[in-house]
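The task is simple: from the sequences and hints, build the whole structure.
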Amino acid sequence: KAGVTQTPRYLIKTRGQQVTLSCSPISGHRSVSWYQQTPGQGLQFLFEYFSETQRNKGNFPGRFSGRQFSNSRSEMNVSTLELGDSALYLCASSLSGDGYTFGSGTRLTVV
Amino acid sequence: GDSVTQMEGPVTLSEEAFLTINCTYTATGYPSLFWYVQYPGEGLQLLLKATKADDKGSNKGFEATYRKETTSFHLEKGSVQVSDSAVYFCALSDLSGNQFYFGTGTSLTVIP
Chain Z
4 KAGVTQTPRY
14 LIKTRGQQVT
24 LSCSPISGHR
34 SVSWYQQTPG
44 QGLQFLFEYF
54 SETQRNKGNF
64 PGRFSGRQFS
74 NSRSEMNVST
84 LELGDSALYL
94 CASSLSGDGY
104 TFGSGTRLTV
114 V
Chain G
14 GDSVTQMEGP
24 VTLSEEAFLT
34 INCTYTATGY
44 PSLFWYVQYP
54 GEGLQLLLKA
64 TKADDKGSNK
74 GFEATYRKET
84 TSFHLEKGSV
94 QVSDSAVYFC
104 ALSDLSGNQF
114 YFGTGTSLTV
124 IP
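These protein sequence lines are chains Z and G, in that order. Every position in the first sequence, counted from 1, becomes a number in this note's numbering once 3 is added. Every position in the second sequence, counted from 1, becomes a number in this note's numbering once 13 is added.
Simulated from the structure, these hints should not be mistaken for laboratory data. It is possible that some hints are incorrect.
[Said to hold, decoys possible] Calculated pairs, DSBU-like style, for lysine-lysine (alpha carbon to alpha carbon, straight line, at most 35 angstroms):
1. G/Lys62 / G/Lys81
2. G/Lys62 / Z/Lys60
3. G/Lys69 / G/Lys90
4. G/Lys90 / G/Lys62
5. G/Lys73 / Z/Lys16
6. Z/Lys16 / G/Lys90
7. G/Lys73 / Z/Lys60
8. G/Lys69 / Z/Lys16
9. G/Lys73 / G/Lys90
10. Z/Lys16 / Z/Lys60
11. G/Lys73 / G/Lys62
12. G/Lys90 / G/Lys65
13. G/Lys81 / G/Lys65
14. G/Lys81 / G/Lys69
It should be emphasised that the depicted structure is a prediction, and the values quoted were computed from it without experimental measurement.
Right under this line is the structure:
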């Protein structure tokens, strides 16, 4: 079966712009979580969606938002980009909390 | 709150050496425990898991045992290969199963 698909794989944006990242979970998985990974901070939890509702949220500013569609696909949006937002953004889906399946990530570079 | 602490890296080993990466956790109740591996340029892959005390997770020669008394889940492999070079993350899921907590990752390099 297809894995978790994240698009695009790479993205370069300018400070002040906004960006939207997409994640298609494994078929049947209704929970989708997003993480930011940086060399200095490791993996930091952004938010988790289940059946189109945000169920958990990490400690990120309001510039970071997300949503989930009825087909479980999810998007995350970052507005007013800052240099410090440069990171690998990972999406993960799960069926029942019994372990995540991660996508390959979107590498965002803010210049 | 729930948290995971894993051994600082980087770790460098010769091929066929024994590997241990320490992981301890703090959690309410009995969480599920996981090890994930991340190869360069990739996302994280589930390596193994254990869902209750004294369970042993194993995969690809790696093993980890859920020790409630020491709140630990150390990763071991008897003979590492160059292809095992990666970053390893210990993680737990909270009682709801809805949120995961990751350690900071341990980078392993295996040299021929």
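Structure-based check of all given hints:
no.: 1; hint: G/Lys62 / G/Lys81; verdict: holds (14 angstroms)
no.: 2; hint: G/Lys62 / Z/Lys60; verdict: holds (24 angstroms)
no.: 3; hint: G/Lys69 / G/Lys90; verdict: holds (13 angstroms)
no.: 4; hint: G/Lys90 / G/Lys62; verdict: holds (15 angstroms)
no.: 5; hint: G/Lys73 / Z/Lys16; verdict: violated (39 angstroms)
no.: 6; hint: Z/Lys16 / G/Lys90; verdict: violated (42 angstroms)
no.: 7; hint: G/Lys73 / Z/Lys60; verdict: holds (34 angstroms)
no.: 8; hint: G/Lys69 / Z/Lys16; verdict: violated (45 angstroms)
no.: 9; hint: G/Lys73 / G/Lys90; verdict: holds (9 angstroms)
no.: 10; hint: Z/Lys16 / Z/Lys60; verdict: holds (25 angstroms)
no.: 11; hint: G/Lys73 / G/Lys62; verdict: holds (13 angstroms)
no.: 12; hint: G/Lys90 / G/Lys65; verdict: holds (21 angstroms)
no.: 13; hint: G/Lys81 / G/Lys65; verdict: holds (9 angstroms)
no.: 14; hint: G/Lys81 / G/Lys69; verdict: holds (12 angstroms)
Violated hints for the displayed structure, listed by number in ascending order: 5, 6, 8.
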